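So the chains spell out like this:
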Amino acid sequence: MTIELLYFAWVRERVGKASETVSPPAEVTTVAELIDWLARDSAVHADAFVDRARLRAAVDQTFVPLDAPLGNAREVAIFPPVTGG
Amino acid sequence: MIAVTVSPDVIDAGVEFAAISASGAGGVATFVGLVRSDDNVATLSLEHYPGATEAALQALAEQAVTRWNLIGARITHRVEDMHPGDIVVFVGTAARHRGAALEACAFLIDRLKTEAPFWKKETRGEQTSWVEPRGSDDAAAARWKA
Numbered sequence: 621m622t623i624e625l626l627y628f629a630w631v632r633e634r635v636g637k638a639s640e641t642v643s644p645p646a647e648v649t650t651v652a653e654l655i656d657w658l659a660r661d662s663a664v665h666a667d668a669f670v671d672r673a674r675l676r677a678a679v680d681q682t683f684v685p686l687d688a689p690l691g692n693a694r695e696v697a698i699f700p701p702v703t704g705g
Numbered sequence: 128m129i130a131v132t133v134s135p136d137v138i139d140a141g142v143e144f145a146a147i148s149a150s151g152a153g154g155v156a157t158f159v160g161l162v163r164s165d166d167n168v169a170t171l172s173l174e175h176y177p178g179a180t181e182a183a184l185q186a187l188a189e190q191a192v193t194r195w196n197l198i199g200a201r202i203t204h205r206v207e208d209m210h211p212g213d214i215v216v217f218v219g220t221a222a223r224h225r226g227a228a229l230e231a232c233a234f235l236i237d238r239l240k241t242e243a244p245f246w247k248k249e250t251r252g253e254q255t256s257w258v259e260p261r262g263s264d265d266a267a268a269a270r271w272k273a
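As they're listed, the protein sequences go chains A and B. FYI, my numbering numbers position 63 of the first sequence as 683, with every residue one higher than the one before it. FYI, my numbering numbers position 45 of the second sequence as 172, with every residue one higher than the one before it.
Just chain A, same shape as in the assembly (with noise of 0.2 Å):
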């Protein structure tokens, strides 16, 4: 599976990057399973994604809970509670 992941506001300045192209294994089948595999091997990602109640996210442009299944995803977005208006 091949993922696009899009990061916003501190948590793409804490990662580094605003986009990046992901294969992870079948076994990551939801968003925290995501987060949590990105985080294992990069101290960077870690780091951003250190505080799980600070974040949100997006799979294929809907908002979903962390906990909502990848399913057949083929973006998923991180970021922080929204601040607009």
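Simulated from the structure, these hints should not be mistaken for lab results. Hints may contain errors.
[To be verified] Derived coverage of chain B by chain A (criterion: at least 3 residues anywhere in the stretch with Cβ under 8 Å from a Cβ of chain A; other residues may be distant): (1) 170 to 181; (2) 228 to 241; (3) 250 to 261.
The structure presented is a predicted model; accordingly, all values stated were derived computationally and were not measured. Idealized CB from N, CA, C, for every residue including glycine.
Since chain A is already given, all that's left is putting chain B on it; use the hints.
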């Protein structure tokens, strides 16, 4: 009629008001959000999630039109760099009567604040900081649960 715009262009309240008023409705309510000038912010930068932002605003506008039987709903949100006094967001709702227009306008700005993927960054002097979400915004959005 629904009109949703997300752009770095300067928002002209007169142009926005004329557009929502052109629906012919008897009641129009508007909300205008400005960059505050009372706490030394020199620049406010708005980041967003292109595509998902417009979709979120469109979905909110559709909900409002259905729930309050609106004649029109207009959301115009600026992104990128702004300065004190600049308009960040314009929300306009048009209905046959004032009650629906006023309630729908409040619904749209309350829900936009917690559901549309925008992020604010403030610059004060040499310091930049991401704006933290406020619990009061969640409470304001929650009161519209149908």
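Results for each hint:
1. Counting residues of the stretch 170 to 181 of chain B whose CB falls under 8 Å from any CB of chain A gives 6; the rule of at least 3 is met.
2. Counting residues of the stretch 228 to 241 of chain B whose beta-carbon sits less than 8 Å from any beta-carbon of chain A gives 4, enough to reach three: the coverage restraint holds.
3. Counting residues of the stretch 250 to 261 of chain B whose beta carbon lies closer than 8 Å to any beta carbon of chain A gives 4, which meets the minimum of three for the stated coverage.
No hint from the list above goes unmet by this structure.
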